[in-house]
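J.: For reference, the chains in residue letters:
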Amino acid sequence: MNPLRTVAQPVIIAEPAYLLKRGIAALVSDMVRTDVLFIDDMGELNSHLDKNKVHAVFIDEQLLTDKPSTDLFFQLKEQTLYVGLSANPGQIRHKNKFDAVMDRSGTKEELVAAVESVLQPGTGESDKAGSLLSSREQEVLKEVALGYTNQQIAAKLYISRHTVISHRKNITAKLGIKTVSGLTVYAVLNGLIPKDQIR
Amino acid sequence: MMGKNTVTSDMKMAEVIHMNYLLLPVINRFGIKLGFGDKTVEKVCRDHGLNLSFFLDIVNTYHDPSYFPRDKMRGYPATLIIDYLLQSHEYYNRTMLPEAEGMIEKLVSTCSGHCEDLRLIEDFYRKYKEELQNHLSGEEIHFFPYVRALVEGKTGGKDLETLRREYNFSYQAHADEHESVIAKLVDLKNILIKYLPPDYDVEVCNNLLYWLFIFEDDLKDHERLEDVILLPVLENIEQQFRNQQ
Ligand SMILES: [Fe+2]
Ligand SMILES: [Fe+2]
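These protein sequence lines map, in sequence, to chains A and B. End of the first sequence sits at 199 in our numbering; the numbers just go up one at a time, nothing left out. End of the second sequence sits at 245 in our numbering; the numbers just go up one at a time, nothing left out.
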């Protein structure tokens, strides 16, 4: 068996159904070495997210009924992965805000695949699809390597900040490189930007 | 949960090393050197005046990723944990970082052909080394002394906010630093594994990678001890301090 990857920030499971939350926790700890927290009160969850860095949140869509607390929940936290749990994943509310959606009644294999695609970037879907960056992703990567912020990149490329962040998540998942300085090295090695343009 | 592969007090220290030689630097951090003869773990710890239970927990969390008795470890005195963390810092400063740097320098100097790219990686490493050294010394100057001041009651009648400011300690900044020093190390490994340009010496680079894997595991274990054990212990101490005021 491969040694488990350590994730420094915890994973939060916001799911009122006892068996389901235990089940997801078990899948998570099979896959990564991390702390798992159970919070199914939106107020508590939002204040936790406000104060702490969190690697991923698995949340039941039933908790996302109240508008103010839902808006607060989705306020962009770049490092956090959002996973929705739904009885009807195709129709889940706020679909475009989630990094992944899981079927509450999925088979073990489906659930494992879903958790894997979120927690083990690079070994899931994106790798199978080949690790080539799309041309849009290359553009975003270039700007990142040149030292621009998400806000600046959004303005330069006429896309929303949310879209920039989503491209960045994909770039990181495909390349296995997360930090700006690491991405810069990649960009120079691959001729996306000349060395003398690094800030 | 004591698995078959757990280090126990009645094992011989020599067996422990045979079971997992990567524990050697961890054991060294407790002031223990080779040449244990047939002494058991318990005997060696007693000879060195160590807290046996703490020693076992540290060695086992390092040895077995699934072994992590959170609540029990949060019961150890903060100063005991800090002393161990300081020893790890010394190891990173004295051994881990310079060794890796030496290997990277060798990688560049044995390069044949287009070596610009390898220099880029060397640059990345140099900056990383500086960042990690700053993180470590920051903890030594701010974070640990802040915890110690609270534990020892040397707070001069000040409130927490003032103390935090004086010691320049913030949970958020600390968490950001941890995330960055781990992420950059992982990035460096991936850059070497996935994107290394071809004009390099295989042996030199393999050695570097072996070393970086060990480095990463060690550092992650270290930061986990700080994040998941020491910080909650600190939060407790802060709470007690507030209650007393
Ligand atoms: Fe440290
Ligand atoms: Fe640290």
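It should be emphasised that the hints constitute simulated quantities derived from the structure, not laboratory data. From a predicted model like this one, the values you see are computed outputs, not experimental measurements. Worth double-checking, as some hints may not be accurate.
As the list claims (entries may be wrong) - 25 Å max Cα-Cα, derived DSS-like pairs, lysine-lysine: (1) K21/A with K108/A; (2) K53/A with K189/B; (3) K156/A with K97/A; (4) K142/A with K189/B; (5) K127/B with K169/A; (6) K169/A with K53/A; (7) K51/A with K169/A; (8) K142/A with K95/A; (9) K67/A with K53/A; (10) K51/A with K67/A; (11) K174/A with K33/B; (12) K33/B with K127/B; (13) K169/A with K189/B; (14) K106/B with K72/B; (15) K195/A with K129/B; (16) K154/B with K129/B; (17) K142/A with K194/B; (18) K174/A with K156/A; (19) K194/B with K129/B; (20) K142/A with K195/A; (21) K194/B with K169/A; (22) K43/B with K33/B; (23) K194/B with K106/B; (24) K142/A with K127/B; (25) K174/A with K97/A; (26) K106/B with K195/A; (27) K174/A with K39/B; (28) K12/B with K39/B; (29) K127/B with K195/A; (30) K189/B with K195/A; (31) K12/B with K195/A; (32) K108/A with K142/A; (33) K108/A with K156/A.
J.: Give a verdict on every hint.
T.: So, going through the hints one by one against the coordinates:
1. K21/A with K108/A: With Cα atoms ~14 Å apart, K21/A and K108/A stay inside 25 Å; holds.
2. K53/A with K189/B: 24 Å, holds
3. K156/A with K97/A: At roughly 23 Å apart (the allowed maximum being 25 Å), K97/A and K156/A satisfy the hint.
4. K142/A with K189/B: 21 Å, holds
5. K127/B with K169/A: 24 Å, holds
6. K169/A with K53/A: 16 Å, holds
7. K51/A with K169/A: 22 Å, holds
8. K142/A with K95/A: Judged against 25 Å, a Cα distance of about 29 Å means the pair is violated.
9. K67/A with K53/A: The given pair, whose Cα atoms are some 23 Å apart, holds under the 25 Å limit.
10. K51/A with K67/A: Holds, because 21 Å separates the two Cα atoms, which is no more than 25 Å.
11. K174/A with K33/B: 44 Å, violated
12. K33/B with K127/B: 33 Å, violated
13. K169/A with K189/B: 19 Å, holds
14. K106/B with K72/B: Since the Cα atoms of K106/B and K72/B sit roughly 44 Å apart, the hinted pair is violated (cutoff 25 Å).
15. K195/A with K129/B: 21 Å, holds
16. K154/B with K129/B: 33 Å, violated
17. K142/A with K194/B: 19 Å, holds
18. K174/A with K156/A: Satisfied, since the Cα-Cα distance of roughly 23 Å is no more than 25 Å.
19. K194/B with K129/B: 21 Å, holds
20. K142/A with K195/A: 12 Å, holds
21. K194/B with K169/A: 18 Å, holds
22. K43/B with K33/B: Answer holds: K43/B to K33/B is near 14 Å, not above 25 Å.
23. K194/B with K106/B: It holds: about 20 Å lies between the C-alpha atoms, which stays within 25 Å.
24. K142/A with K127/B: 21 Å, holds
25. K174/A with K97/A: Distance of about 20 Å is within 25 Å: holds.
26. K106/B with K195/A: Distance ~22 Å between K106/B and K195/A Cα, so the pair holds.
27. K174/A with K39/B: 50 Å, violated
28. K12/B with K39/B: Holds: K12/B and K39/B sit about 6 Å apart, inside 25 Å.
29. K127/B with K195/A: Satisfied, since the Cα-Cα distance of roughly 16 Å is no more than 25 Å.
30. K189/B with K195/A: 21 Å, holds
31. K12/B with K195/A: This hinted pair is violated, its Cα atoms lying about 55 Å apart.
32. K108/A with K142/A: The given pair, whose Cα atoms are some 40 Å apart, is violated under the 25 Å limit.
33. K108/A with K156/A: 44 Å, violated
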